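K.L.:
Given these sequences and hints, build the entire structure.
Protein chains: 2
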Amino acid sequence: MNKLLIVGSVAFDAIETPFGKTDKILGGAAPYIGLSASFFNLQSAIVSVVGDDFPQEYLDLLTDRNIDISGLEVVKGGKTFFWSGLYHNDLNSRDTLATELNVLGDFQPKVPQNFKNADVVMLGNLHPLVQSSVLDQMETKPKLVVLDTMNFWMDCALAELLEVIKRIDVITINDEEARQLSGEYSLVKAAAIIQGMGPKYVVIKKGEHGALLFHNKEVFFAPALPLEEVFDPTGAGDTFAGGFAGFITQSENVSFENMKNAIIHGSNLASFCVEKFGTERMVDLEKKEVLSRLQQFKSLTQFDIEL
Amino acid sequence: MNKLLIVGSVAFDAIETPFGKTDKILGGAAPYIGLSASFFNLQSAIVSVVGDDFPQEYLDLLTDRNIDISGLEVVKGGKTFFWSGLYHNDLNSRDTLATELNVLGDFQPKVPQNFKNADVVMLGNLHPLVQSSVLDQMETKPKLVVLDTMNFWMDCALAELLEVIKRIDVITINDEEARQLSGEYSLVKAAAIIQGMGPKYVVIKKGEHGALLFHNKEVFFAPALPLEEVFDPTGAGDTFAGGFAGFITQSENVSFENMKNAIIHGSNLASFCVEKFGTERMVDLEKKEVLSRLQQFKSLTQFDIEL
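Residue numbers (UniProt numbering), protein chains in the order written: chain E, 1 to 307; chain W, 1 to 307.
Treat the hints as calculated values from the structure; they're not laboratory data.
This one's a predicted model, so the numbers in the text were calculated from it and none came from an experiment.
Honestly, I wouldn't trust all of these hints.
What the hints assert, rightly or not - With a Cα cut of at most 25 Å, we get these calculated DSS-like pairs of lysine-lysine:
id, chain 1, residue 1, chain 2, residue 2
1, E, K217, W, K276
2, E, K189, W, K21
3, W, K298, E, K200
4, E, K217, E, K200
5, W, K206, E, K298
6, E, K298, W, K189
7, W, K189, E, K206
8, W, K287, E, K217
9, E, K288, W, K217
10, W, K298, E, K298
11, E, K298, E, K288
12, W, K217, E, K276
13, E, K21, E, K79
14, W, K200, W, K116
15, W, K287, W, K276
P.N.:
What follows is the structure, encoded as structure tokens:
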């Protein structure tokens, strides 16, 4: 089985949407990525950090999905990263109510020895220096390195972000972030500029409006599945990235054509994530549901104009 | 050849975008629809009205595309409908600077005798009573009636709009209008409610984010082609509708499966419309360019996950 190495935050989230609010629940990029990737045939490991306030129940939830957590450091007396957000009525925008870095503040990632030869590395949203450090520790060159980041690092650590971006194959960011990073409003132009920064493949996530994959002059588009109700968008982007990286890891095929399939798998998994609060839906999701909804993506997008 | 009857405004538009501004140029729903539909093998006619200030050059431009203008009334001493708009920097929103109804104010449509048996009727954006009057004049039941409308009529003539909506097969509106008409934020729920008002098929246009086609529990999505630059979005929705109605007219197939193809054709033609000011690009567009870009739509959306 191929190996997927995942780095990203592990967090407590407190979320409020028009449909309700949660206490502190499992959150962070790495769990969403790991849960999503677990629907593929692969070995995965998470590199991250939590405090000793992090419940065994959440650790079990990850190991139950065969996610290796030997690289998940538990800091004695430390507090786990905490994020709290309030979504507006349209669920397309949110206010961050609290960000307490806690143990994430001076995190030094340690890649488990048996994942230093991972086939695919998924660098989830974290400080670019942490992302770089993970790449430094790899003993064999991964077949594919995927990086997700956000505007926060463009504001606070742009030089470090640009350094790590040079070293990756695929970047996944949202439309506003692509505009910020490139200085171009047109996403086509933005993607070309970002390709010039290093990554040969640029994935631009547009939330309910789907995702675009750019490579040289080629472009592919995956819609988001139109849903009756989006309950909580938290983690949808990470779930998308996890599905993308997970499928690539399983299939061992890093061609543009196969990335099209990977983007559809990512969109498919993300469409479940938003149906309940936090990771709830991803935890009770069954493989047969995943396969069945893939058929909906086919019906949604496939047409038969003969050319 | 099958017949497509088009009703809609014929106008002078004055447009300002971040890329420049125009004097009064050819505008209105009917010319955009007619030019777009002219890329298919069909007979078309426009029912509309202009003043005698309307230049022969614009009439020629329509007849050069084999569009029958015997139903285009020219009011002696009348002034043609005038619209002026200013697009904001993102081109997704605009301010209307002027709307002078002029001869459109008390327009009584007259369907040419040889189009009273049209196969497809495209009711472009106009007062719902004008749209109803066109349907009243049909001598045979069209295979398909498509209606485009806008929020203005929902605000000012909702009862009349709901009356004509009962009589049509396909409605094309944008996302905000679908929300206004249905009272539902979710487009899936909005489409279901609108289907309950009459039309079995609901097309929701999302501009640069593509278009959705709903029918019972089924849904199809056509992306907009990602473009380096959108120059002027004016008429894109009408061009989309014209491509949709034109392809259906040519193919004589009103199945949901064929409507998927029609939506792709509409999106394809609309992607050209926005490349220049007003109708300029649609006038110099060649059929081989249209076919070539259809291939891009295939590459953009088709994937090969085996299920």
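K.L.:
Give a verdict on every hint.
P.N.:
Hints versus structure:
For the hint linking E:K217 to W:K276, the alpha-carbon distance of about 22 Å falls within 25 Å, and the restraint holds. The hinted pair formed by E:K189 and W:K21 meets the criterion: a straight-line CA distance of about 23 Å does not exceed 25 Å. Distance check on the hinted pair: W:K298 and E:K200 sit about 22 Å apart at the alpha-carbon level, within 25 Å; holds. Of the pairs offered as hints, the one joining E:K217 and E:K200 holds, with about 11 Å between alpha carbons and a cut-off of 25 Å not exceeded.
Restraint check for W:K206 and E:K298: satisfied, since their Cα atoms lie roughly 20 Å apart, inside the 25 Å limit. For the hint linking E:K298 to W:K189, the alpha-carbon distance of about 21 Å falls within 25 Å, and the restraint holds. Among the hinted pairs, W:K189 with E:K206 is consistent with the structure: their alpha-carbon atoms are about 21 Å apart, no more than 25 Å. Proposed proximity of W:K287 and E:K217 is supported: the alpha carbons are some 23 Å apart, at most 25 Å.
At roughly 21 Å between alpha-carbon atoms, E:K288 and W:K217 fall within 25 Å of each other, so this suggested pair holds. Distance restraint check for W:K298 and E:K298: the Cα-Cα separation of roughly 13 Å lies within the 25 Å cut-off, and the hinted pair is therefore satisfied. For a cut-off of 25 Å, the pair hint linking E:K298 to E:K288 stands: about 16 Å separates their Cα positions. Between the alpha carbons of W:K217 and E:K276 the distance comes to roughly 22 Å, so the proposed pair stays at or under 25 Å and holds.
At most 25 Å may separate the alpha-carbon atoms for a hinted pair to count; E:K21 and E:K79 meet this at roughly 22 Å. A C-alpha spacing of about 23 Å is found between W:K200 and W:K116, which places the hinted pair at or below 25 Å, so the restraint holds. Using a Cα cut-off of 25 Å, the hinted pair W:K287 and W:K276 holds, with the two alpha carbons roughly 17 Å apart.
Of the numbered hints listed earlier, not one is contradicted by the structure.
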